[in-house]
Amino acid sequence: MSYKFLEHTADVKFRAEGSSLEEMFVAAAAAMNETVRGDIKILEQEEKGFEVEGKDQVGLLYNFLEEFLFLLDAEDFLVAKVKSVEIDDNKLKCVVVGDAAKNYKFTNDVKAVTYSDMFVKEKGGKFVCEVVLDV
Amino acid sequence: MDLKKISDVEWEIPVEDGMLVPGRVFASEELIKNIKGDKSLEQIKNVAKLPGILRASYAMPDMHQGYGFPIGGVAAFDVDKGVISPGGVGYDINCSVRLLKTNLTEADLKGKEQEIAHSLFRTIPSGVGRGGDLKLSDDELDEVLVGGAQWAVEKGYGKDDDWKHIEDEGKLGGAEPKFVSGRAKGRGRGQLGSLGAGNHFLDVLIVDEVFDKRVAEIFGLEKGQVVMLIHCGSRGLGHQVASDYIKAMEDEYGVPEYDRELVNAPIKSELGRKYLGAMNCAANFAYANKQLITHFVRENMKNYFADFEAEVVYDICHNIAKFEKFEDKEVLVMRKGATRSFGPGREEIPEDYRTVGQPVLLPGSMGTASYVLVGTKKAEEISWGSTAHGAGRAKSRTQAKRDITFEEARKDMAKRGIVVEFGGQKGMVEESPFSYKDVDEVVRVSDEAGIGKRVAKLRPVMVVIG
Numbered sequence: 001m002s003y004k005f006l007e008h009t010a011d012v013k014f015r016a017e018g019s020s021l022e023e024m025f026v027a028a029a030a031a032m033n034e035t036v037r038g039d040i041k042i043l044e045q046e047e048k049g050f051e052v053e054g055k056d057q058v059g060l061l062y063n064f065l066e067e068f069l070f071l072l073d074a075e076d077f078l079v080a081k082v083k084s085v086e087i088d089d090n091k092l093k094c095v096v097v098g099d100a101a102k103n104y105k106f107t108n109d110v111k112a113v114t115y116s117d118m119f120v121k122e123k124g125g126k127f128v129c130e131v132v133l134d135v
Numbered sequence: 136m137d138l139k140k141i142s143d144v145e146w147e148i149p150v151e152d153g154m155l156v157p158g159r160v161f162a163s164e165e166l167i168k169n170i171k172g173d174k175s176l177e178q179i180k181n182v183a184k185l186p187g188i189l190r191a192s193y194a195m196p197d198m199h200q201g202y203g204f205p206i207g208g209v210a211a212f213d214v215d216k217g218v219i220s221p222g223g224v225g226y227d228i229n230c231s232v233r234l235l236k237t238n239l240t241e242a243d244l245k246g247k248e249q250e251i252a253h254s255l256f257r258t259i260p261s262g263v264g265r266g267g268d269l270k271l272s273d274d275e276l277d278e279v280l281v282g283g284a285q286w287a288v289e290k291g292y293g294k295d296d297d298w299k300h301i302e303d304e305g306k307l308g309g310a311e312p313k314f315v316s317g318r319a320k321g322r323g324r325g326q327l328g329s330l331g332a333g334n335h336f337l338d339v340l341i342v343d344e345v346f347d348k349r350v351a352e353i354f355g356l357e358k359g360q361v362v363m364l365i366h367c368g369s370r371g372l373g374h375q376v377a378s379d380y381i382k383a384m385e386d387e388y389g390v391p392e393y394d395r396e397l398v399n400a401p402i403k404s405e406l407g408r409k410y411l412g413a414m415n416c417a418a419n420f421a422y423a424n425k426q427l428i429t430h431f432v433r434e435n436m437k438n439y440f441a442d443f444e445a446e447v448v449y450d451i452c453h454n455i456a457k458f459e460k461f462e463d464k465e466v467l468v469m470r471k472g473a474t475r476s477f478g479p480g481r482e483e484i485p486e487d488y489r490t491v492g493q494p495v496l497l498p499g500s501m502g503t504a505s506y507v508l509v510g511t512k513k514a515e516e517i518s519w520g521s522t523a524h525g526a527g528r529a530k531s532r533t534q535a536k537r538d539i540t541f542e543e544a545r546k547d548m549a550k551r552g553i554v555v556e557f558g559g560q561k562g563m564v565e566e567s568p569f570s571y572k573d574v575d576e577v578v579r580v581s582d583e584a585g586i587g588k589r590v591a592k593l594r595p596v597m598v599v600i601g
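Protein chains in written order, with the numbering used here: chain A, 1 to 135; chain B, 136 to 601.
Misleading hints may appear alongside valid ones.
Claimed, not checked - When the alpha-carbon atoms are kept at most 20 Å apart in a straight line, the in silico PhoX-like pairs for lysine-lysine are as follows:
| no. | chain 1 | residue 1 | chain 2 | residue 2 |
| --- | --- | --- | --- | --- |
| 1 | A | 55 | B | 403 |
| 2 | B | 536 | A | 4 |
| 3 | B | 236 | B | 348 |
| 4 | B | 348 | B | 382 |
| 5 | B | 382 | B | 460 |
| 6 | B | 464 | B | 403 |
| 7 | B | 512 | A | 102 |
| 8 | B | 270 | A | 91 |
| 9 | B | 464 | B | 245 |
What the hints contain is simulated information worked out from the structure, not anything from laboratory work.
Bound conformation, chain A alone (with noise of 0.2 Å):
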């Protein structure tokens, strides 16, 4: 599982690679929380559980990744880690672990996932997407 940040002129675009469909959403959640908190650590205090469903795969990495930015908003929830997230069909369940946002000091750019050139494909037994955050 890897992450690489790309090059887009005024938001963040990032390519997330995992050996499996379920691999590929924990990179792509690692890039995600690590454009909103940038490098601080976050403890692992609390856990949490979440599920989103999605119309294809692209429509279940969009609404899983915006529950990230639910967590921070409405819970402020920061993510240490995504401890497992387990895919059937369009259904996805995550469970994460991480602390309240109010413990520290940092600032959240990422304003919405977009479906800019956003894409999730299977290439010689790896997954691959492109996700753009909008900063």
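Using the hints, position chain B against chain A.
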């Protein structure tokens, strides 16, 4: 792509494959070079393919690549045959700028810059929510979404003169809280009164140069005066409204084959009307947000200057769709990273400015000059009453990080004599002037094209970024 030069400051993209109208770009040779470096011209062409678009697909001098529309994109649509696209408004609905004039001069700040900047930083971004003391109930949040800045003033955060100097008097009509999802409300509830991060900021500046004395006097600006710029938007609530309706429109109408990001719905369809109702709510959230921040700024500055006063000069939208009349015909104008620039006489302009035109506020990048312009009749004729909204990003954030370190960015600010308070090192690098187009050139083009005339130049002395 064919790009025809019309004048030193105007270019045309002639109608080709699927475009319903031509593209029109306000830019100089220097700016067009930069514009060619990303996908923004392609985006102007795609906007020209949207059903019901009128006259042309426009781009302002600070244009760069955005989501759907380019940033700096302006288009107007026939109310009966046209469409509304969340990509024509942006994720940060009513991302906007407010200018306050104060009763201080530069000399009053001497020696206190560091301390004041620090206290503003501590007071503002936390604001209400996130440990703040005002928790909004569902009903109260709905009142904010309908009442905007006027709601905030009624609650004691400011005075009536404040909202009289805001676009739409700080309260856009047609706001329908029932069309804002619970998720969007959940994201916004705790964020009212906070600046947010990224390119959002609070600047303390000095009126450095006055180009048009008569208009400056009417706006209440004079050389040497301390002024403040507040730049922020509708925070998580607006972002979620955009996301929700992009998804809903995709499900209902599918995606245009020329650009998925230009997903849209007919203006008069149920979904189109719902989006507009929700968008107006987000816009009002942003107006209320800046009203609260204004209140916090006033309270904070009174700790340093007992008789401190700050009046609202004007407050303008950057990301919005609005019904406006041109030559007696109502159209829906979408401005994405662009400013309304109405000339004299329009009834939308506050009474005391109506003889000269509306103020247009053009913030530069961190550390560079900002400008006050005045709207023109010509803008109403050639750009749907619109002009630029800022310096415009020229370099990607990743590129910025490669080109300049945090220390270099900080030294550069010190050399310019500017005190900076910031939330994180990355903002300092990404927002440094090295990453942006030359604001002086953007303003020169606006002035020469006649779509927004120079009134005053503002020089920053303190910058507070989220």
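Does the alpha-carbon distance linking residue 236/B and residue 348/B stay inside the 20 Å limit?
Holds, because 16 Å separates the two Cα atoms, which is no more than 20 Å.
Residue 55/A paired with residue 403/B [C-alpha distance capped at 20 Å]
Roughly 27 Å separates the two Cα atoms, so the pair is violated.
Need the status of pair residue 464/B, residue 245/B: alpha-carbon distance at most 20 Å?
Violated, because 52 Å separates the two Cα atoms, which is more than 20 Å.
Within a Cα-Cα threshold of 20 Å, do residue 382/B and residue 460/B meet the stated pairing?
violated, 30 Å
Given the proposed pairing of residue 464/B with residue 403/B, does the C-alpha separation stay at or below 20 Å?
holds, 17 Å
Pair hint residue 512/B and residue 102/A, alpha-carbon separation not exceeding 20 Å
Given that 20 Å is the threshold and the Cα spacing comes to 49 Å, the pair is violated.
Please verify whether residue 536/B and residue 4/A have alpha carbons no more than 20 Å apart.
Given pair residue 536/B, residue 4/A holds - Cα atoms ~14 Å apart, limit 20 Å.
Given the hinted pair residue 348/B and residue 382/B, is their alpha-carbon gap at most 20 Å?
violated, 49 Å
Does residue 91/A sit within 20 Å of residue 270/B, going by the straight-line distance between their CA atoms?
violated, 34 Å
When the structure is compared with the earlier hints, violations turn up for hints 1, 4, 5, 7, 8 and 9 and for no others.
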